[in-house]
Structure formats: C-alpha cells, structure tokens
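Q: Listed here are the chains, written in short residue letters.
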Amino acid sequence: MSHKVIVPIGPYHPLQDEPEFFQLYVEGEKVVDIDITIGYNHRGIEKVAESKHFDQVAFLVERICGICSSSHPYAYVLAVEDILGREVNVVPERALYIRTIIDELQRIHSHLLWLGLAGHFIGYNTVWMWAWKYREPVLDMFEMITGNRNNYAMFKVGGVRRDIRDEDVPVLKKALDELVPAVNMFRGAVMDDPVIKARLKGVGVLTKQQAIDWCVLGPTARASGVNIDVRRDEPYGVTDRVNWNVIVEKDGDIFAKTVVRILELYESISMIRQCLDKMPKGAIDADVKDIPPGEGIGRVEAPRGECFHYIKSDGTNQPIRHKIRAPSFMNVASNKVACVGGTISDAAITLAAVDPCYCCTERVAVINKPDNKKIMNGWDLIKLSQEKTNRLKQEWENARTE
Amino acid sequence: MDMRDKIKERLGSKIIEWKEDSSKRIYFTIDKKDIFKIAEFLFKELGLRFSTASGVDTPSGFEILYHFSFDKAGQFYSVRVLLEDKLHPEIDSIAPIFPGAEWIEREIWEMLGINFVGHPNLRRLLLSEDWPQGQYPLRQDYKL
Numbered sequence: 000m001s002h003k004v005i006v007p008i009g010p011y012h013p014l015q016d017e018p019e020f021f022q023l024y025v026e027g028e029k030v031v032d033i034d035i036t037i038g039y040n041h042r043g044i045e046k047v048a049e050s051k052h053f054d055q056v057a058f059l060v061e062r063i064c065g066i067c068s069s070s071h072p073y074a075y076v077l078a079v080e081d082i083l084g085r086e087v088n089v090v091p092e093r094a095l096y097i098r099t100i101i102d103e104l105q106r107i108h109s110h111l112l113w114l115g116l117a118g119h120f121i122g123y124n125t126v127w128m129w130a131w132k133y134r135e136p137v138l139d140m141f142e143m144i145t146g147n148r149n150n151y152a153m154f155k156v157g158g159v160r161r162d163i164r165d166e167d168v169p170v171l172k173k174a175l176d177e178l179v180p181a182v183n184m185f186r187g188a189v190m191d192d193p194v195i196k197a198r199l200k201g202v203g204v205l206t207k208q209q210a211i212d213w214c215v216l217g218p219t220a221r222a223s224g225v226n227i228d229v230r231r232d233e234p235y236g237v238t239d240r241v242n243w244n245v246i247v248e249k250d251g252d253i254f255a256k257t258v259v260r261i262l263e264l265y266e267s268i269s270m271i272r273q274c275l276d277k278m279p280k281g282a283i284d285a286d287v288k289d290i291p292p293g294e295g296i297g298r299v300e301a302p303r304g305e306c307f308h309y310i311k312s313d314g315t316n317q318p319i320r321h322k323i324r325a326p327s328f329m330n331v332a333s334n335k336v337a338c339v340g341g342t343i344s345d346a347a348i349t350l351a352a353v354d355p356c357y358c359c360t361e362r363v364a365v366i367n368k369p370d371n372k373k374i375m376n377g378w379d380l381i382k383l384s385q386e387k388t389n390r391l392k393q394e395w396e397n398a399r400t401e
Numbered sequence: 000m001d002m003r004d005k006i007k008e009r010l011g012s013k014i015i016e017w018k019e020d021s022s023k024r025i026y027f028t029i030d031k032k033d034i035f036k037i038a039e040f041l042f043k044e045l046g047l048r049f050s051t052a053s054g055v056d057t058p059s060g061f062e063i064l065y066h067f068s069f070d071k072a073g074q075f076y077s078v079r080v081l082l083e084d085k086l087h088p089e090i091d092s093i094a095p096i097f098p099g100a101e102w103i104e105r106e107i108w109e110m111l112g113i114n115f116v117g118h119p120n121l122r123r124l125l126l127s128e129d130w131p132q133g134q135y136p137l138r139q140d141y142k143l
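Residue numbers (numbering that gives the first Met the number 0), protein chains in the order written: chain W, 0 to 401; chain G, 0 to 143.
Treat the hints as calculated values from the structure; they're not laboratory data. Virtual Cβ for every residue (Gly too), placed ideally from N, Cα, C. Among the clues, some could well be false.
Unchecked claim - Cross-link-like lysine-lysine pairs, in silico, PhoX-like; alpha carbons within 20 Å at most:
id, chain 1, residue 1, chain 2, residue 2
1, G, Lys13, G, Lys31
2, W, Lys172, W, Lys132
3, G, Lys23, G, Lys5
4, W, Lys46, G, Lys142
5, W, Lys51, G, Lys142
6, W, Lys207, W, Lys335
7, G, Lys31, G, Lys18
8, G, Lys32, G, Lys85
9, W, Lys249, G, Lys71
10, W, Lys29, W, Lys382
11, W, Lys196, W, Lys249
12, G, Lys71, W, Lys207
13, G, Lys85, G, Lys142
14, G, Lys43, W, Lys207
15, G, Lys23, G, Lys7
What the hints assert, rightly or not - Below, a sample of chain W positions facing chain G; criterion: calculated Cβ distance under 8 Å:
id, residue
16, Ser50
17, Asp212
18, Cys214
19, Glu233
20, Ile296
21, Phe307
22, Arg320
23, Arg324
With the sequences and hints as input, model every part of the structure.
A: Laid out in structure tokens, this is it:
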C-alpha cells in the first residue's frame with residue numbers, strides 16, 4: 000500500500016459534515032484496498048468528562064452526536080446507576096417509560112435520516128425528500144416533549160428532567176398514527192422495487208463470520224444474521240415490558256441492512272404507543288445525591304448499535320475515568336471487508352450502509368493503484384453510484400417493453 | 000453449565016481475583032502474560048462478543064479492562080489486567096485473534112502510551128499526525 004499523502008476533498012467543517020477520510024485503492028473498477036482515517040472530530044470528551052461533575056457529564060456526552068443524542072446520555076446514566084445498583088432499583092417507574100419513549104423516537108428519526116441519504120446515494124432523490132419530510136413530525140414530537148428538536152437534555156442520574164404532559168399524549172399518538180402510512184410507503188418503495196433490489200442485493204456483503212470477527216453492532220450485525228440487540232439482551236427502561244421483535248436478516252448485503260432499518264421503524268412506533276398507554280403516574284426523578292466509589296458499565300441500543308459507557312468513580316463528585324465507545328467505532332472498521340472486492344460504483348453506498356454518520360463519503364479520494372494517481376472525489380463517487388442505478392432502471396424498462 | 004462456571008473451571012488459578020458487582024457485571028483479574036490465551040478462549044471457544052477495552056491510569060499502574068459481552072444472558076465479563084511498569088507499559092495484542100480489536104488497541108496505544116506487542120498495524124488513529132511524540136492525553140499527569 001502506498002503512503003502517498005492525499006489531499007482530502009472538501010473543507011473540514013465538523014458542524015456540517017462529519018469528517019472521516021477513506022482512501023480507496025482501486026484497480027480498474029475494482030476496489031482492492033481501503034484505508035480509513037478517523038479522528039478529525041476527536042474532541043477529547045473522555046478527558047473533559049474527568050473534570051466535570053456527574054450532573055454535567057450527562058450534558059457533555061449528549062454533544063458527542065447530534066443524531067443519536069439521547070443514546071450517549073442514556074448509556075452514561077445507566078453506567079452511573081450501575082454503580083448505585085440497577086436502573087430499575089433507582090429510577091421511578093414513570094421515568095423508565097419516558098426514557099424508552101425518547102430512545103425509540105430517536106431511533107425513528109435516525110433511521111429515516113439514513114434512509115433518505117441512502118436513497119440519495121443511489122439516485123433516488125424522491126426517497127431522500129420524502130424520508131426527511133416524514134422525519135420532521137418526529138422532531139416536532141421531540142420538541143413537544145423536551146423543548147428541543149435535538150440535544151434533548153432529558154437524561155439525568157436517577158430519572159428524567161421533563162415529564163410528558165397528559166394533554167400531549169393524544170397528540171403524540173396521532174402523530175405516530177400518521178407515520179405508519181409513510182413507513183408503509185417506504186417499505187413498498189424499497190422492498191417491491193425491482194431496480195432497488197437489483198442495485199442493493201449482493202452489494203457490500205458482510206458475512207456472518209466477518210460480522211462476528213469485526214465485532215459489528217446494531218443493524219449492521221443484525222443484517223448479517225447476528226442476533227444481538229441490547230434492548231432484549233440486557234433490557235433497560237421498559238424494553239422488557241412492551242411487545243416488540245428483534246429484526247434479523249441473513250444476507251448481510253445493503254438490501255438486508257435497509258430492510259432491517261425499515262422494519263425496525265414499525266417496532267419502535269409500536270413500542271412508543273405501548274409506553275404511552277401503559278405509563279403510570281408518579282415521580283420522574285429519584286433525586287440522587289452522592290455517587291459511591293466503584294465502577295459501572297452502561298449500554299443502550301443506539302440506532303447504530305450498542306453504545307457503551309464505562310465509569311469509574313472514587314467517591315468524589317467527578318468520574319476518574321469515563322470510557323465511551325460509540326457503535327460506529329466498530330462498524331466503520333468493517334468497511335475494510337465490506338468494500339474490498341466490490342466495484343467502485345458501489346463504494347459510496349457501501350460506506351454509507353453502516354450509517355457511519357452520513358456525509359463522510361464527501362471525503363473519499365479514489366486512487367488508481369498502478370500509478371497511485373488520485374482520480375475522483377466523493378461527489379464523483381455518488382454520481383457514479385447514481386449512474387449505475389439509472390442504467391439498471393433503463394435495463395428494467397427495456398426488458399419490460401420487449 | 001453456567002457461563003461463569005465454565006470460565007472459572009477452565010481458567011482456574013489464572014484468575015487472580017473474581018468480583019461480581021451484580022449478576023450482569025463480572026470483573027476478573029488475570030496476569031498480563033495470559034491475556035492472549037484467555038482472550039482467544041473467551042472469543043473463539045465460548046463465543047463471547049468483544050465489546051471494547053478501556054485503559055485507566057491508576058496510581059499502581061495502567062489497568063486495561065477487556066469487556067466481553069455474553070449477549071444471551073446480557074452479561075459483561077470484564078477481564079482486568081494491571082501493567083505495573085509505568086515507564087514501559089507493554090502487553091500482548093489480541094488483534095491477531097480477531098480484527099475487531101485493532102482500532103481500540105491503537106486508541107489505547109496513542110492515548111495512554113501502552114505498547115501492544117504483535118499488533119498488525121500500530122499507528123495513530125484519533126490523534127493528529129503533528130501531535131507531539133511521547134505525550135499521552137489520557138494519563139493522569141497530562142493536564143489540560
């Protein structure tokens with residue numbers, strides 16, 4: 000592999016795009032190797048957390064990611080509550096329900112966001128627009144419950160910060176009801192469309208053994224037949240008191256990853272509905288004062304997989320060690336096998352299929368292996384990907400008219 | 000047979016200390032020379048999922064916790080290793096067993112300065128290329 004320095008494409012703007020840098024090594028059409036560089040967005044949050052007190056850290060970790068911004072504080076408070084005992088022993092009933100509602104709403108908005116971008120990458124811009132259109136009411140629901148469309152500031156050790164008002168419940172239910180036809184439409188658009196099938200089936204395959212070896216998580220693992228989901232394996236909130244299914248597919252290609260995410264939307268909607276129905280009245284905060292010395296692990300099923308937090312406390316009001324591992328840390332690494340061997344027009348969608356936090360492909364540089372010359376940037380890749388879809392569409396049309 | 004009994008029976012005296020915070024959180028301490036064999040046993044034979052590893056700078060040395068998840072029972076088995084030599088902390092890499100450990104070992108290497116012997120690709124992951132050599136931000140003596 001060459002160690003030639005490559006100028007990254009596009010400005011590094013951590014607020015707009017999430018910077019990751021992939022270098023694809025290609026021979027002709029075929030991707031032969033990939034080099035992944037991350038860390039552009041590393042803000043030293045683990046170190047900062049060691050100088051904040053336990054209440055502040057919840058706000059700090061919320062800012063790790065704007066898309067799964069409830070997963071990190073949730074995993075963090077679970078880790079602290081693990082030191083105190085278990086979540087169910089510490090947190091009031093009503094707060095457990097509110098936590099699950101927030102967590103599942105976030106999954107809906109995140110999966111819709113991914114669906115839109117995946118549509119864009121393969122040239123289905125209508126899917127992109129519609130997915131984001133139907134994501135808006137989800138953000139409105141967040142605004143209604145938490146006051147924020149993003150960074151909800153709901154989680155604290157021992158409970159949640161805001162209650163769900165009784166008069167909001169029917170409005171939330173109505174919004175959820177209206178979401179179902181939209182998800183039905185996406186399911187039809189993706190699962191019954193022959194062109195999307197032809198475009199995504201067998202592309203970017205991660206086999207079950209590879210998924211295990213690379214320790215991938217969440218929908219990426221479940222699409223490859225690895226049956227893991229923290230919500231079932233180690234229930235938190237009320238995930239063990241509502242009825243839902245873990246969606247597992249076996250093909251490991253991008254089509255399977257898409258199907259897993261779309262079907263999970265139904266499960267999340269159903270979980271929120273059940274929570275709204277079953278939610279008891281009562282306190283929402285246990286008013287925890289002191290954190291004893293000890294160590295605790297908290298994990299939640301973020302939209303992208305298991306989000307892991309480890310806290311070590313020495314009895315003061317600050318953690319002495321806070322380890323955070325986001326699911327993309329494991330998933331992005333697996334591109335090394337999912338991408339290699341595929342064609343270059345599949346690279347954009349393959350890299351995006353693990354939902355790495357989306358716009359990373361803008362920073363792709365393609366290198367032609369024999370002479371190490373840089374020939375394409377990320378936008379070219381997306382264009383290539385879209386062109387391939389159009390070609391398939393044309394072939395499909397031709398076959399139909401013949 | 001219960002997973003914890005399987006581990007206890009097989010590893011026997013290699014376990015220096017066994018601690019159960021709850022039925023879901025099991026921590027056990029081993030000697031650093033056994034890590035490769037034990038990680039191989041947990042991952043390949045018992046089929047535990049490697050979740051991540053975390054390094055801590057403690058007064059008595061660097062502590063690494065390898066967190067293995069037994070998903071069927073929702074349990075975490077955290078293998079604790081203490082590296083007492085604070086000047087030249089060193090341990091066998093477990094990345095040759097499975098590639099999922101590659102990135103986290105690179106991270107601990109650059110953040111805490113712990114050398115992973117036998118790692119296939121030990122280079123910077125998160126810190127930038129112009130970060131000064133020999134400065135490890137997650138050590139306690141590194142002040143912000």
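Q: Work down the list of hints and note, for each, if the structure agrees.
A: Results of checking the hints against the structure:
1. In summary, the hint linking Lys13 (chain G) to Lys31 (chain G) is supported, as the alpha carbons are separated by about 10 Å, within the 20 Å threshold.
2. Of the supplied pair hints, the one linking Lys172 (chain W) and Lys132 (chain W) holds, its CA atoms being roughly 18 Å apart against a limit of 20 Å.
3. With a C-alpha separation of about 16 Å, the suggested pair Lys23 (chain G) and Lys5 (chain G) falls inside the 20 Å cut-off, and the hint holds.
4. For the hint linking Lys46 (chain W) to Lys142 (chain G), the alpha-carbon distance of about 10 Å falls within 20 Å, and the restraint holds.
5. Taken as a hint, the Lys51 (chain W) and Lys142 (chain G) pair is honoured in the structure, with Cα atoms around 14 Å apart against an allowance of 20 Å.
6. As the CA atoms of Lys207 (chain W) and Lys335 (chain W) are separated by approximately 15 Å, the hinted pair is consistent with the 20 Å bound.
7. For the given pair, Lys31 (chain G) sits about 18 Å from Lys18 (chain G) by alpha-carbon distance, which is consistent with the 20 Å threshold.
8. Only pairs whose Cα atoms come within 20 Å are accepted, and Lys32 (chain G) paired with Lys85 (chain G) is accepted, the gap being roughly 16 Å.
9. The straight-line distance between the Cα atoms of Lys249 (chain W) and Lys71 (chain G) is roughly 19 Å, inside the 20 Å bound, and the hint therefore holds.
10. At roughly 17 Å between alpha-carbon atoms, Lys29 (chain W) and Lys382 (chain W) fall within 20 Å of each other, so this suggested pair holds.
11. Proposed proximity of Lys196 (chain W) and Lys249 (chain W) is supported: the alpha carbons are some 15 Å apart, at most 20 Å.
12. With a C-alpha separation of about 17 Å, the suggested pair Lys71 (chain G) and Lys207 (chain W) falls inside the 20 Å cut-off, and the hint holds.
13. A hinted pair counts as satisfied when its Cα atoms are at most 20 Å apart, and Lys85 (chain G) with Lys142 (chain G) qualifies at roughly 18 Å.
14. Pair hint Lys43 (chain G) plus Lys207 (chain W) holds up; C-alpha atoms about 14 Å apart against a cutoff of 20 Å.
15. Between Lys23 (chain G) and Lys7 (chain G) the CA atoms are separated by roughly 16 Å; this keeps the pair inside 20 Å, and the hint holds.
16. For the restraint placing Ser50 (chain W) at the interface with chain G, the shortest Cβ-Cβ distance is roughly 7 Å, inside the 8 Å limit, so the hint holds.
17. Checking Asp212 (chain W) against chain G: minimum C-beta separation of about 5 Å stays under 8 Å; hint holds.
18. The closest approach between the C-beta of Cys214 (chain W) and any C-beta of chain G is roughly 3 Å, which is under the 8 Å cut-off, so the hint is satisfied.
19. This hint holds: Glu233 (chain W) has a C-beta 3 Å from the nearest C-beta of chain G, less than the 8 Å allowed.
20. Interface hint at Ile296 (chain W): satisfied, since its Cβ lies 5 Å from the closest Cβ of chain G, which is below the 8 Å cut-off.
21. Annotation: interface hint on Phe307 (chain W) holds; nearest CB of chain G at approximately 6 Å, less than 8 Å.
22. With 8 Å as the threshold, the beta carbon of Arg320 (chain W) comes within range of chain G, its nearest partner Cβ sitting at about 5 Å, so the hint holds.
23. Interface restraint check: Arg324 (chain W) against chain G, minimum CB-CB distance 4 Å, threshold 8 Å, status holds.
Every hint, counting from the list given before, is met by this structure.
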